[in-house]
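Here is how the chains run, residue by residue.
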Amino acid sequence: MSPAALPSLMLSLPLLGAVLAVLLRSERSRVYSYLCSAASAVAAAIWSVQVLLEGTASLVSDAPSVWGEYAIRLDPLGALVLLITALTFACVAMYALFSREGVTARSALLFNCFVLSILLAMVADHVLLLMIAWEAMSLTSFLGAWGAREDEDTIAGWRYLAITHFGAALVIAALAYLAVSSGEVRLSEMRGLSALIGPGASAAVVIMLFLGFGSKLGLLPFHIWMPDLYSRSSSTVTALLSTAASNVAVLVLVRVTFSCVGVEEQYALSLTVMGLAALTALWASWQALVQRDGARVLAFSSMENMGLILLTMGAAMLFRAYGAAEPAAFALMAALFHLINHTVFKALLLMGAGTVRRAAGEWDLERLGGLARGLPGLSAVFLIGTLSVAALPPFNGFVSEWAMFKALMHAEPIADPLVRIALPLAIAVMALCTAIAATAYLRLYGLTFLGRPRSAGAERPRPLERSELFPLLPLALLCILLGVASFPLLEELAAAVSPLVGAAGLKVVEGSSINFLHQGGLDPLGLSALLGFGMLVAFLIVRATGRRKVERVDTWDCGTPLDRRTQYTPTGFAQPLLRVFQKVYRPQIEVREEPRPSEYIRAVRFEQRIPEPFVDHLYKPLTAGAIALAMRVKRMQSGSIQAYLTYIMVTLVVLLVALR
Amino acid sequence: MQLTDVLIVIAEVSFVLMVSPLLTGIIGKAKAWMQCRQGPSVLQPYRDLWKLMRKATVASREASWLFFVIPYVCLGAMVCLAVMVPVFNAGPSGGVGDMVATIYVLGLFRFMMVLGGLEGGSPFGGMGSSREMMISAIVEPTLLLSIFSVAAISGTTDLSSISRFFAALGPKGLSPTLFLASAAIFISLLAENSRVPFDNPATHLELTMVHEGMLLEYSGRELAMMEMASYVRLTMFMVILSNVFFPWGIALGTGAGELLVGVASISLKLLLLSVSVAVVESVMAKMRLFRLPNLLTVSFTLSLLAVMSYYIL
Amino acid sequence: MGQLVRSFAFQSLMLAAIAAVLAHYTGSEHIYVVAGLTLVVKGLVIPRFLIYSMDRLKVRREIEPLVGIPASLLISGGLVIVAYYITEPLISSAETVTRNCLAVSLAVVLIGLFMMISRRKAMTQMVGLLMMENGLFLGIISTTYGMPLIVEIGIFFDVLMAVLIMGIFAYRINQTFETLDTTFMRRLRG
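Chains as they are written, first to last, in our numbering: chain A, 1 to 660; chain B, 661 to 973; chain C, 974 to 1163.
Derived by calculation from the structure, the hints in this document are not laboratory data. Do not take every clue at face value.
[Claimed, not checked] Pairs of lysine-lysine residues, derived as DSS-like cross-links and limited to a Cα-Cα distance of at most 27 Å, are as follows:
| hint | chain 1 | residue 1 | chain 2 | residue 2 |
| --- | --- | --- | --- | --- |
| 1 | B | Lys929 | B | Lys715 |
| 2 | B | Lys711 | B | Lys691 |
| 3 | B | Lys929 | B | Lys946 |
| 4 | B | Lys929 | B | Lys691 |
| 5 | B | Lys689 | B | Lys946 |
| 6 | B | Lys946 | A | Lys549 |
| 7 | A | Lys583 | B | Lys946 |
| 8 | A | Lys549 | B | Lys689 |
| 9 | B | Lys946 | B | Lys691 |
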């Protein structure tokens, strides 16, 4: 088939789906529009495989354009990310179909538009095309998130829109500056622009891009929209937002930073990026621990993972700045592998959390519990997702975090001794983040699925139909597969990132082991086999003593009858760490004595609130200042016709004089 | 990998499995002697395990399917660890002996054990689980920084290669970095294995339990597996401490004489470490829970100083 | 507090050991005398005197410091990094002994100063001052390989007198103010 067939199919199918969603009346036929997105995802996946096998594909269109020719381009790096993203799209589309939330015209339309904009953003080569796709992405996700629940206030949506647009403004400015100063309008044609525009300007451009794309990724301090939006929108939207949108952001960021601009000699820039990313990851893991809504925990988890990815990317920039190409390539490969893995397990977790919310009718962790007995299949699949996100062997999160740690352990190429300390500090920060985040995920899983149910909804969850689990299974399988046997992917990834940092083909995989410059490697297949072997040995030892029967009794209670209220709550589980890091959280605690219910019993009310310092100290003053300024300007609009006509006349006269 | 390598690995795993309960018994006996009493026999843990294996399993009504899977995963992870870490022979590990991977396998064990504590819906399990996570959250950076300092000196993170590197250097390899990092790891050993001053392994009061609290609901075979896994974890920590930082005597080849020397040297080191743990446990009292972060920060600062001293000295 | 004095005695012991090793390395006799003096004066006499004063003053544990323990530890780690950064240009061209000791001595001085700032009891501040002196001593020994003996003896005598005088002062302060908490002693203005 012609080279243009697959990409055109990929981009036109969602369009068809959107049209179908609007035109067709019956609910059943909206299924077809979701099927269109799924089909487009399949087309995207096939195209990526084709590009991986045959090399970069580039298509230029003859459509009339203002500036240069519109073009789309898929190189091997983009193909790898697109492949995984497309598979996730297909699963999310299935999830949207099979979930028994009504498939409305609005949701189908927005889903297709969102898919289209993401696909376009990933393959866009023309700066204008990229910006249009990015805008479309923001708008469709905003509209999709808005009005998903009846009881919402729309502040979350507006915050999201405002912050994303601020970020988009930074990105547009940076890209426009690059386009104008280089005269090129296609991203693939811009190479090594730092020589052209000088180190100061390129540092500024890269920072603007980081902050701009970071607003979508949840970089500090642009993260405040994330938890509210995740808890208020439907899980379909959040699954796509967290995975696909982040993929686009990181992909474009990597391409522009390393390839278009270049980071030679940019030491301070790399350290700034690393510092900001480390703070983001730390803050996110601390906040994930104390949330009551599972979706909010996952929002902060996305923020933390993005922080770690950007930290490793900053380390790659640092290595590149010192001219060490191979460590830079390894670090970049580790970061992008983590991005791919994050797509898979985060989509799994978000869809799982949405399923729990629908089955139990509750979203508050304080009211869930004991769901593993009512929903065993979901609990098993969610466990796989939790183990992956907590980076435990043998799942995919472990392999990519191992690679990230390994990349940071290599401090020799850095000549400046003071800068060399940045790497062990980065390792310490990363270790602390992953440990606190693991506690947060443990809390999420353990208090949702284990123990006693804490409310009626959790006690009798609506049983799930088989079809509701179907979309989650491929993702769970991918988690295991990518954890155990990801070698071809890693080799392709290493080959794809090497040209970005000027390394000559990095050989990462030897046999079945991931090796880095003979400094110790990991054999994930061997490790997983060993784990399985260990379990088998355990099983055999135990079976050798014969079968025993299992007797079920009440939980041991030391004499006091236990009920749903005498078990650890989510607040209680996080309490020790909350106290250890009190200076970070600054919880506001209020203890009030309530009227006594009887002669012998006291009633006490305990309220703990964890403030949001960024909202209180950064955004509220900013918005208050902006509103004050707007009030002053408002005085110009006095309402009288004379004033407006005066403005027009003055402007006209000034312009005529100036353009004389 | 040749047949001899495979045989040696099997021998190492069997050695670890057989010796682990003995080490806990030795610690108990040494503590008893320091308290001027006879104490239980050093073979008591074996008898306890045997007794538990023959008992029926009594599970809570609130427990789910995960409750029965967890002991297998935990014990399996520890057996896997025994293969990964060189015990008396520093042979080629075939890519599974990475130090960072070791920390993560330990993390898997801990994650599963903490989940087990939340089954059953009792407050004691939740208490143990949340406290365990508090301690381990601060121990992780220490462990990884210590690994970093060792990897920086030896140029690799593969356990066998590190052992070989330090064994070849001999006593000349002793440096402040090594001492500081091993001190940090010794404190982490006490923390992760629930020893005084972090937790009292012999306590019967639920309010003071960290490790025992998570195992309250287990019984019979499952409890035997979890206890065995804990014994193996203690042994493996001690093996890592000996073979990474002070690996003199470890066998570098596969000759019978070398292997015997290797077995003798690791046995001696394990004995010394067990007695030191017993001494520390007898000399110190269990600290209040919220004073533990202070001690853990000391351990973190030691590992930070280990990294700094590598760069300074 | 006893723990604090014991740690200081241990530090002085290590200092004496370093001086002895240096004496062996350079072969000069009088550094052995210096090592012996350090051991006796700073390792035995001063700690005994401090414990004696504490018993007389009935000093208990250090009260809540101005900076918490984990934060103090992390700041001390940071001070070590700063000391390393400051001495780095000096170290790179020097001999082994100097290279090893100079950054450490500066770190000990800075940590002693930090201890004086962040702790409230007068006794602890005294120990902080003694720690600073230890650090300086280490720096001197490692760069000059021992000063003339008369200078060393003078320094020791000076330190001993300072400790005795501070001990007497602490007793008087305790008698007058009923406490050794220095945050209460801000009314001594000009």
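The hints, checked one at a time:
1. For a cut-off of 27 Å, the pair hint linking Lys929 of chain B to Lys715 of chain B is broken: about 35 Å separates their Cα positions.
2. For the hint pairing Lys711 of chain B with Lys691 of chain B, the CA-to-CA distance comes to about 24 Å; that is within 27 Å, so the pair holds.
3. Among the hinted pairs, Lys929 of chain B with Lys946 of chain B is consistent with the structure: their alpha-carbon atoms are about 26 Å apart, no more than 27 Å.
4. Among the hinted pairs, Lys929 of chain B with Lys691 of chain B is consistent with the structure: their alpha-carbon atoms are about 18 Å apart, no more than 27 Å.
5. A threshold of 27 Å between alpha carbons decides the hint, and for Lys689 of chain B with Lys946 of chain B the separation of about 19 Å falls inside it, so the pair holds.
6. With a CA separation close to 39 Å, the supplied pair Lys946 of chain B and Lys549 of chain A exceeds the 27 Å bound.
7. Under the criterion of a C-alpha separation no larger than 27 Å, the hint pairing Lys583 of chain A with Lys946 of chain B is consistent with the structure, at around 26 Å.
8. Among the hinted pairs, Lys549 of chain A with Lys689 of chain B is inconsistent with the structure: their alpha-carbon atoms are about 35 Å apart, more than 27 Å.
9. Proximity of Lys946 of chain B to Lys691 of chain B is assessed by CA-CA distance (about 14 Å); at most 27 Å being required, the pair is judged to hold.
Hint violations for this structure: numbers 1, 6, 8, all remaining hints satisfied.
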